[in-house]
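S.K.: Listed below are the residues making up each chain.
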Amino acid sequence: MLKYLMKRSGIYLIMIFLTTSAGYFLAVSSLKPAVLEQEKIPRPTPEQVAASFRGLGLDPELNPWERYVQWLGGIVTRWDWGRSPNGAFVNAEFADRVLVSTRLFIASIILTLIIGVALGVYSAARQYKFQDRVITSYSYLVHILPAPIAYFLVQLGAISVNEAVGERIFFVTGISTPGIDPGWPAFVDMVAHYAVPTFAMTIFGWAGYQIAQRQYLLDNVNADFVRTARAKGLTRNQAIRKHALRVSFIPVAQSIAFTIPAIFTGGFFAEAIFAWPGIGLWSIQSIGLQDVNVATATLAYGSVIFAIGAILADFATTLVDPRVRVQ
Amino acid sequence: MSTNITPAERLRDAGLYAPGDAVLSVRDLNVRFNSENGVVHAVRGVDFDLMPGKTLGIVGESGSGKSVTSMAIMGLLPETADITGSVRFKGKELLGLGDKAMCKHRGNDIAMVFQDPLSSLTPVYTVGTQIIEALTVHNPNMSKQAKEARAVDLLRMVGIPSPKDRLKAFPHEFSGGMRQRVMIAIAIANDPRVLIADEPTTALDVTIQAQVLEVLHTAQEETGAAVVMITHDLGVVAGMADDIMVMYAGKPVETGTVEDIYYNPRMPYTLGLLGAVPRVDTATRQSLVPIEGTPPNLALPVIGCSFAARCPLVSDACLHGEPDLFPVPGAAVPGVEGQRLGHKAACIKSNELSGNADAHKIFHAPPKPVSKFDGVARVEREKVLELKDVKKHFPLLKGALIKRRIGTVKAVDGLSFDIREGECVSIVGESGCGKTTTLLEIMEFHPDQVGEVIIGGVSNKVATDHKTKMAMRKEMQMVFQDPTGALDPRFTVYEVLAEPLENLGMPKAAIKKRIMELMKLVGLQPDHVNRFPNQFSGGQRQRIGIARALAVNPKLVVLDEPVSALDVSVQAGVINLLDKLRAELGLSYLMVAHDLSVVRHISDRVAVMYLGKIVETGDVDDVFDNPRHPYTRALLSAIPVPDPNLERTRERIILQGDLPSPLDAPKGCNFATRCPVFAALPAAKQEKCLTLEPPLASEKEGAQDFACFFPDGELDADMLVVHA
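Here the protein sequences come in this chain order: A and B. Counted the way the working numbering counts, the first sequence spans residues 1 to 327. Counted the way the working numbering counts, the second sequence spans residues 328 to 1051.
Please keep in mind that the hints were generated in silico from the structure rather than gathered at the bench. Some hints could be false.
Said to hold, decoys possible - Lysine to aspartate or glutamate pairs mimicking DMTMM-like chemistry, simulated, CA-CA at most 20 Å apart:
1. A/K242 - B/D426
2. B/K676 - B/D643
3. B/K847 - B/D906
4. B/K495 - A/D321
5. B/K419 - B/D518
6. A/K129 - B/E406
7. B/K695 - B/E826
8. A/K129 - B/D931
9. B/K882 - B/D931
Unchecked claim - One-sided and incomplete, this derived list gives chain A residues near chain B with beta-carbon spacing under 10 Å:
10. R133
11. S137
12. Y138
13. R230
14. T235
15. R236
16. R241
17. V247
Keep in mind the model is a prediction, meaning the values are calculated, not measured. Note that CB positions come from ideal geometry on N, CA and C, so glycine has one too.
This is chain B alone, in the form it adopts within the complex (with noise of 0.2 Å):
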């Protein structure tokens, strides 16, 4: 099965066999960059065939090459860069055209949109001037009043309220969302035949996940054109593609129609990555599926299969010669209508697993770990952590001398919940909402502060002396998100492991025997101590990070986003290890996420954020199953599932526009602005939204407590989208 073929032969294959009609074929695409260690083989013989208005997901996780591969396309690589094969638009050789000649394709035909939309709009011209360059580059004869009536038709068509106005509006005038919104607009002004959008969303609140994704959907349909979705969210291409491509180190190892890569998976990895998502949807009760280790250096030459090492199939069969993507037996040949790219794995032993192959079992994931508190009611655990009504209140000031104060902003309003022993509570909301502020109003434990925060029984009010705060501090750590910048770069893993120790003064043997420990308990090799965190992956560094936070045996470790700068596959076994300890040392977290996935699967209780208030707080399995919230009912909603056929029936809340600022919190219910039952109210009961705030209570003993007056309205059909 491996490779005979020469790349000419190849070359020569795919121009006798890519379908006619395809808009975009590539063919055996190499990408190599030379580098400080050598030349990095980043991109290693993609092919595809983009039929127009279909949709191409390609999937991977950073280093895996989709990013290189849709630069290459676009032509937008360094000119250092080395890329062989063939990219076709309608049956012209893209590749090899010298920058001009690649101009009059580029935002004509094919367009593409970036991941960060903060970043990728000119700071120092309006939007409308960057929308009507992109129909000036290729329409120099249109006339001013033309450009500019189809500017404001393009932004009228994302969805941008008051175009004409907004078109002389600066990039900073706009929220994220909006400015991806104005890509978006940018990229389909004159109709290409083939959008690119590398990880649209992947910087966006989940809600606005949702309505990009909705706009790309709308711009699809209006232009016609093929779409090729870049991402790492199984999540997002399930409901949008009809093809996936799923990449490994830089090469296609597995594609197929959707049905045939979410329902069939016929290669470890795919199946691997598969069982590594969390899901929104359902109570699972089932560890996640690590996948362990990390992608080959490719700047090495990759000898058998390039998953070998990470496989749990492995065989010594796979280490002499690198698989090709073979057919899977019994798939639809390609060519027949409908199997635009067949299924195809990269796998000698795609045969194997077939039907029912378990990912738990082939991947050996733990069993759930079982707690010695999960036998104790709620009520009879201890409280770790309480707080009575905290609030922070930010003034909001003007002037350059003498400050005047011109509003408040109310991070956090009167917040109050507690966490038991051995459970995990996540607060969840979108950026802006008060989560990380709440996390500092615990940490800060100051007696000066608005309300109460009682950790360990001692409360911010009576813990003036430092003794009493220095206690404090060892009942509660914190696990930072981002785990590179958290660790000292010029600190040895053992260094950063033993400051917390040699604080509480314990004495050097204990330390090192207690590092050691600290080691195991978090799974890495104890003789790496002596290593500094550069030499160490994303999950691992996050595993230091861990381990630095359970050095003194805290009773509450409180995880602010741990898992969101993490791949998927990383991301399961770092979620693994949090149940691990959990379980084992009786730990109980607060954690703060945007990922409702990773809160379902790994939090006994939720509380939903919504500008500084909890709008809904309870059991998790209550309030993801049954959300009385519309709040929360739309940000579950806006949750992609890594399932084709439900995410296409699904229902879904779009939410209008973005979180409001702070300063203009309305009198009654905060949530009325947005709120999808509000607007589908008759204006008497609408009122009441208005003035009243409404409690925060549950309808029955043991339910939820939520804050809404009308939490079985019906829902504005204008937020309702589903894609049949």
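Chain A extracted, bound-state conformation (with noise of 0.2 Å):
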């Protein structure tokens, strides 16, 4: 298993060295951070602002090469990711940012898989009744509903509730009250801040494990070997609970490792919607900001969060499926 792991990983770190190079070219051939210095009042001379710039290690008048050779060099030999072009360091500001996003979604991540399969698992035992109807109208209406517009939902929700009571219970947006005291006032402020996202991204997030888990599970409900199951004089549910369930969760924890890293990179709405600077959003700021290294970095993070999704995928398809052995 250990010889198995290391052999995916070295493969998935082949696979993140080339996709971050071939995102470091892009970006530094796309994105002209000198565009934006003009813009500054007193406007800098060009020259001014190749030389701050080289000071920074974005010298824009080397070619791309030479610019991949000194940024790669960087990260080898000091593990450097570069610097912005306001001078800030990355790897300064990164670790920050992974915090923060991974705050932000471990919770909903964990809470909407062990909801989306459990209501997928009902749904089915119940098909074409009144409660599988809800569950599964509601997940196609999630599906449908953008983002943005439904996070705003509930922290306008949770407005109305802090209104109703007369008191803030929740926070819509922020991660902590500044100066707060440690210890148990810590600890409420932190679940004040969490609870408004978590739910939010909870309620909205489990509709594509739901629909997924309840279809397979139907295509395994009416399998011969729950048939033989019951023959043996298993109730009809304990048979499904017991065959269909876990054949059918093989092709769901296989489709955990794409939407774990949809998840983190793909957080920005929620980050930006609730005011947590994580990693998706800087990405995407970046971007804005011409910034080449960061938005190299946290394309560089996404691979690798990729991978370890996948690797975890691969785990846990191993995990509950005898057929596949690793070798």
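Starting from the two chains in their separate frames, assemble the complex, guided by the hints.
M.R.: Here's what the structure looks like:
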């Protein structure tokens, strides 16, 4: 198993290197930070801009290949992912951003998965009955509702709760209140900040899992092996729970790989609306600010998350499906 | 004779007259399903009593309601099914029990073995877990060790080698036959009183079928259970069953002891079915009995006898009122010792069918056609196809990025044979023996192939240009196994048949004329040419497939399992058609089939393949009547014959294990690992089999060729079984 993981990790490392390099070339040839400098007052001369950028390792006069070698050298020798046009170090901000994103998403990823799969099973067992129709219709509705609108509605809901109670129970934006006492008050404050975004992302996030799990389970509910289990003396529900469920979870386990990175890197709506300055938001902002190094770093992060997701999916698949054996 | 008795009265009577010691009593069982086309009345009044330790065979074609009956007894039909009547287990009513209450009986009192062993086991659990689950459900207090020990015993009982280790294996690590053994182990885990086997061997090879039937037999002996054996194969039940119930259109049409049904059938349908089955043990030079038409649509009410539309004896009286099952005159009275069902038939003319009714005469079976080649000696006829040392080896590779060759699969390993004008050559063998690869190699017809394929005098070594290849294709056409999959559902029959002709550049008017000819030739109505394939029945679709193959006037037709997807009664019609076409058009056939009875009926010559090699080949009567190679002997002995007396006394060779992987093909004789002769040989002689490859040669001029050193050797006693 360990050997298999090492091998897979090796392959993904090569893939991450390739995507990141390709991303760097794209960024370095299309993003031009010097243009933005021209809007500063007093307007700097091109020479001044070039000189300041040269100091930041962003020399606009070098060709893309030379810039790439310089950038890669920095990473390999000093683990230095470069600097922004405003002089900030990518490395310094990166860790904070990742931490913010992780804290924002981790709870909702787990909740989405559990609730989505559970509701999929529940609705499949009651196919075409009232409960199934409500749950599945809701999932389709959520699928067509754009995320920003959905999140905004939750915010409005939280605000009206606050107003109804007459006290600020939920924070609809931000990570924490500055200057709060450590210990219990800090914990309550954290929960108050967490609740709204986690709630919003969870109730609008499980639709995909619910629909997939329902479909795969229904495909297996009438399988021959479920009939065999019933012929042994298991009730229909026991047979479905013990036999159909695990088989139907195999394709769902595989799809997790592709949803986790999508949540992390595509989460900029959530980060923007709830004002959690995470990695997704940073990535979008960096493009607006013509920031080559930040754009590439966030891209690299996305690739890493994807690789982790894919390895997790492989791992989950081998765990639930004995026909898949690592070698 | 029509039904004057109400269902309520029948149920009451059943209660009064059901034998008190029956383990399972079914009375007036009716099943209706709601479908888009209205209510389908799938089972229409089934009655039977099953006595302890006895075997009841339920025989019928697809759609006759035999599987639905078994599922209704088990309570496994969907909730939407409307089930009425009575199913009693030891006097206790089972119909109407809830899922939970029924679970106490399922797997404990009544157990079931299903048709497809590949999909009937849960892929993600070990077989041990699945067997132990069956024990846990009904014995919650049994200790873990006891359950494991019992599971090992069960696996040993059904003949799985090293059962203790195999407990931890997953279903995908077993072959189909082994999985069916596991299914049987699960079914008998709690010593059920009733075991229902629904087509348990239909998906298996003949040699494996013999093994599994043997296991079922053992299981019945060990548990003393009564068995309900559901099948479409009259041969399979002949040797096993005590009683038979023949079903047609959801209703039993004839019941009785095996002897009654096989030797004295009193219902035209039973008579037709028995005549429609080709026999592997006799060289009949007679056509099969075709039963024209299709079963009635059960979404519509059945008026008159359900078989009337297909019955050659039909008269006006048959169309008024559906006949009930009535005792056949002269038959023993039910209830008398040894007579469990009593011989009953649902036919107003059962009297006329008494004694020696000839199915061939009644069903107007066509005479055996005579070909212009019949009088010509084989050597004087032209060769239509010749294979010279054809080989197809697949490399077995391993590794993700850099592939390394770890072995070779010798799918076809040095095949040589020829087909002369007007003859039918069949290739037989178990799945995986290389039959289909051989056909593919012939169809491939490429200069780079190993070995030479000569079609109509043109060798693949010289036919490099497109034009010669086109000419070759015209000489040889193919008919496929699955008639539904082989026809484009969006093409009308006209388009299907026109395509090959257009390809040849035939003018439109000529195409039209030819298509009308073809439709008549294969026995379809010419005005049906504008219909789509889904408007035809399975047998008719296969006729379309045959017409398509014949469109370009080929000399050789390659038949890949041409009738295995068809029901027995329909199969007979298609086989007769193939026979007729061969005689009339002077065709040659190369057929691949797993059903040796069909092969015997239609072929002149046969080649038995094992692991990519021909082990015996010659005239079909020589090979079938006097098989020399032990493998041929085993194959032939494994085929069940629709003759109860013969079946019970026949000596059967049960081969051990499955076809070995072509990877570990032994150095000497391929068959040595499973050979019943080899097993009985003294070690000194065994050495020869293990080191030398037996050549394919005949003993005397004109006899068949075979590849065995000890054709007359003793058979190993362990592999011989007789059920007296």
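S.K.: Now tell me, hint by hint, if it's right for this structure.
M.R.: Here is what the structure says about each hint:
1. For a cut-off of 20 Å, the pair hint linking A/K242 to B/D426 stands: about 16 Å separates their Cα positions.
2. Our distance criterion of 20 Å between C-alpha atoms is met by B/K676 and B/D643, whose separation comes to about 12 Å.
3. For the proposed pair B/K847 and B/D906, the alpha carbon gap of about 16 Å is at most 20 Å, so the pair holds.
4. Simply put, B/K495 and A/D321 have alpha-carbon atoms about 15 Å apart, close enough for the 20 Å limit, and the pair holds.
5. For the proposed pair B/K419 and B/D518, the alpha carbon gap of about 18 Å is at most 20 Å, so the pair holds.
6. For the hint pairing A/K129 with B/E406, the CA-to-CA distance comes to about 14 Å; that is within 20 Å, so the pair holds.
7. The straight-line distance between the Cα atoms of B/K695 and B/E826 is roughly 32 Å, outside the 20 Å bound, and the hint therefore fails.
8. Among the hinted pairs, A/K129 with B/D931 is inconsistent with the structure: their alpha-carbon atoms are about 61 Å apart, more than 20 Å.
9. For the given pair, B/K882 sits about 16 Å from B/D931 by alpha-carbon distance, which is consistent with the 20 Å threshold.
10. The interface hint given for A/R133 is broken, as the beta carbon of that residue sits about 18 Å from the closest beta carbon of chain B, more than 10 Å.
11. For A/S137, the interface hint is violated, since its Cβ never comes within 10 Å of a Cβ in chain B; the closest pair sits about 23 Å apart.
12. The closest approach between the C-beta of A/Y138 and any C-beta of chain B is roughly 26 Å, which is over the 10 Å cut-off, so the hint fails.
13. Among the interface hints, the one on A/R230 holds; its C-beta lies about 6 Å from the nearest C-beta in chain B, closer than the 10 Å criterion.
14. Given the 10 Å rule on beta carbons, the hint for A/T235 holds: about 5 Å separates it from the nearest Cβ of chain B.
15. Against a cut-off of 10 Å between C-beta atoms, the interface hint on A/R236 holds, since the closest Cβ of chain B lies about 5 Å away.
16. Because the smallest distance between the Cβ of A/R241 and any Cβ of chain B comes to about 12 Å, over 10 Å, the interface hint for this residue is violated.
17. With its C-beta approaching chain B no nearer than about 6 Å, A/V247 sits inside the 10 Å limit, and its interface hint holds.
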